[in-house]
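Please put together the full structure from these sequences, using the hints given.
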Amino acid sequence: MRLYLEPSVLVKLFKKEPDSNRMIDLLGALDERRDWFACTSRWSLLEVARALRKDEKPRELIELNLKELKRHRISFIEVTRKILSDSEIVIASHDIYASDALHVATYSHVAKMKRLDAMLSNDTHFKRLGTIVNVLTLSEVSTSRPSESRDPARL
Amino acid sequence: MSDEGPRTPYYEVYPSRLLVLKMQAVSVSAKLTRREAELLDKLTREYGFISKSEAIRSAVRFYLNLLELRSKDRLRMLQVINELIAPSSRTSSELVEEGHREEDEL
Chain S
1 MRLYLEPSVL VKLFKKEPDS NRMIDLLGAL DERRDWFACT SRWSLLEVAR
51 ALRKDEKPRE LIELNLKELK RHRISFIEVT RKILSDSEIV IASHDIYASD
101 ALHVATYSHV AKMKRLDAML SNDTHFKRLG TIVNVLTLSE VSTSRPSESR
151 DPARL
Chain Y
1001 MSDEGPRTPY YEVYPSRLLV LKMQAVSVSA KLTRREAELL DKLTREYGFI
1051 SKSEAIRSAV RFYLNLLELR SKDRLRMLQV INELIAPSSR TSSELVEEGH
1101 REEDEL
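Sequence order for the protein chains is S and Y. Residue 56 in the numbering used here sits at position 56 of the first sequence, with consecutive numbering throughout. Every number in the numbering used here is 1000 more than the matching position in the second sequence, counting from 1.
A couple of the hints might just be wrong.
[As the list claims (entries may be wrong)] Just so you have them, the derived chain Y footprint on chain S, three or more residues with Cβ under 8 Å:
1) 46-59
2) 62-68
3) 86-95
4) 138-145
[What the hints assert, rightly or not] Computed, partial: chain Y to chain S, Cβ under 8 Å:
5) S1027
6) A1030
7) R1076
8) L1078
9) I1085
10) R1090
11) E1098
12) H1100
[What the hints assert, rightly or not] Calculated pairs, PhoX-like style, for lysine-lysine (alpha carbon to alpha carbon, straight line, at most 25 Å):
13) S:K127 / S:K114
14) S:K70 / Y:K1072
15) Y:K1042 / Y:K1031
16) Y:K1072 / S:K16
17) S:K127 / S:K112
18) S:K67 / Y:K1042
19) S:K16 / S:K67
20) S:K67 / Y:K1072
Read the hints as simulated data drawn from the structure, not as lab findings. Just so you know, these numbers come straight off a predicted model, no measurement behind them. Don't be surprised by glycine CBs; every beta carbon is placed ideally from N, CA and C.
The following block contains the structure:
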């Protein structure tokens, strides 16, 4: 599986809420399996930091959480002039937040080159952009290996 | 290395994923804020450490062990720490969405 990780799923790693354990399993699969790939915009780190700050996490914990994120096999895509100008076009034609537009533009920019399957997000805004971005939610992604899911002993 | 000369004392790191049983001791100095030093004093007494250095060594070993856990175990531990230190009922989607609204208002 090759995914673009949108910030709302990254914040899940540091919260106890529905699907947060699935997200931990997904990061584990990314670290252990060569056939898995994930990327996100470098901007996502700021969004994660802001979300944790809004959640009243102390500075030391926010810093530790961000260091943890960088320790996994996630590629952080630079915010380039091209991505910013593509984001402007997305905002002009769709009613979405500036940050969402940046993620759409980044996804579109790297989707072909990185052979991405989908953007992983729990943010409903992206569903409206179905034709531009293929969106998957955590409940739609399985981290079990094909042989595991066919093994009746594991069911 | 030569066997002659005074030997540096050895300290054992308790069995863990660090996989370091014995190592030569080195001194590391660190500056703390006055508040941190006061808390360290208090916790050294409360937990019965023989000195502040011993309390600091224990804290460092604990931290190193945490960071050396396997990827998924480390994330689970960090998730628990986040929930214990700053529990909240707001979901990740709500928090990210709030951030987006702020940016757009700017």
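Results of checking the hints against the structure:
Here the segment 46-59 of chain S counts 9 residues with a CB under 8 Å from a CB of chain Y, which clears the bar of 3, and the coverage holds. Proximity of the segment 62-68 of chain S to chain Y, defined as three or more residues with a beta carbon under 8 Å from a beta carbon of that chain, is established by the 3 residues found. With a cut-off of 8 Å between beta carbons, the segment 86-95 of chain S has 0 residues touching chain Y; three or more are needed, and the interface restraint is violated. For the segment 138-145 of chain S, the assignment as covered by chain Y is violated, since 0 residues bring a beta-carbon within under 8 Å of that chain's beta-carbons and 3 are needed.
Proximity of S1027 of chain Y to chain S is violated relative to the hint, the smallest CB-CB distance being about 24 Å (cut-off 8 Å). At about 15 Å, the closest approach between the beta carbon of A1030 of chain Y and any beta carbon in chain S exceeds 8 Å, and the interface hint on this residue is violated. A cut of 8 Å between beta carbons decides the hint on R1076 of chain Y: the least distance to chain S is about 6 Å, and the hint holds. Evaluation of the L1078 of chain Y hint against chain S yields a held restraint, the C-beta minimum of about 6 Å falling below 8 Å.
The criterion of a C-beta within 8 Å of any C-beta in chain S is met by I1085 of chain Y, whose closest approach is roughly 6 Å, and the hint holds. The interface hint given for R1090 of chain Y holds, since its Cβ lies 6 Å from the closest Cβ of chain S, which is under the 8 Å cut-off. With 8 Å as the threshold, the beta carbon of E1098 of chain Y comes within range of chain S, its nearest partner Cβ sitting at about 6 Å, so the hint holds. For H1100 of chain Y, the interface hint holds, the least distance from its beta-carbon to any beta-carbon of chain S being 4 Å, beneath 8 Å.
Taking the CA atoms of K127 of chain S and K114 of chain S, the gap is about 22 Å. The hint holds against a cut of 25 Å. Proposed proximity of K70 of chain S and K1072 of chain Y is supported: the alpha carbons are some 14 Å apart, at most 25 Å. Under the criterion of a C-alpha separation no larger than 25 Å, the hint pairing K1042 of chain Y with K1031 of chain Y is consistent with the structure, at around 17 Å. For the proposed pair K1072 of chain Y and K16 of chain S, the alpha carbon gap of about 15 Å is at most 25 Å, so the pair holds.
Only pairs whose Cα atoms come within 25 Å are accepted, and K127 of chain S paired with K112 of chain S is accepted, the gap being roughly 20 Å. Restraint check for K67 of chain S and K1042 of chain Y: not satisfied, since their Cα atoms lie roughly 29 Å apart, outside the 25 Å limit. Among the hinted pairs, K16 of chain S with K67 of chain S is consistent with the structure: their alpha-carbon atoms are about 19 Å apart, no more than 25 Å. This hinted pair checks out: K67 of chain S and K1072 of chain Y have alpha carbons roughly 15 Å apart, not beyond 25 Å.
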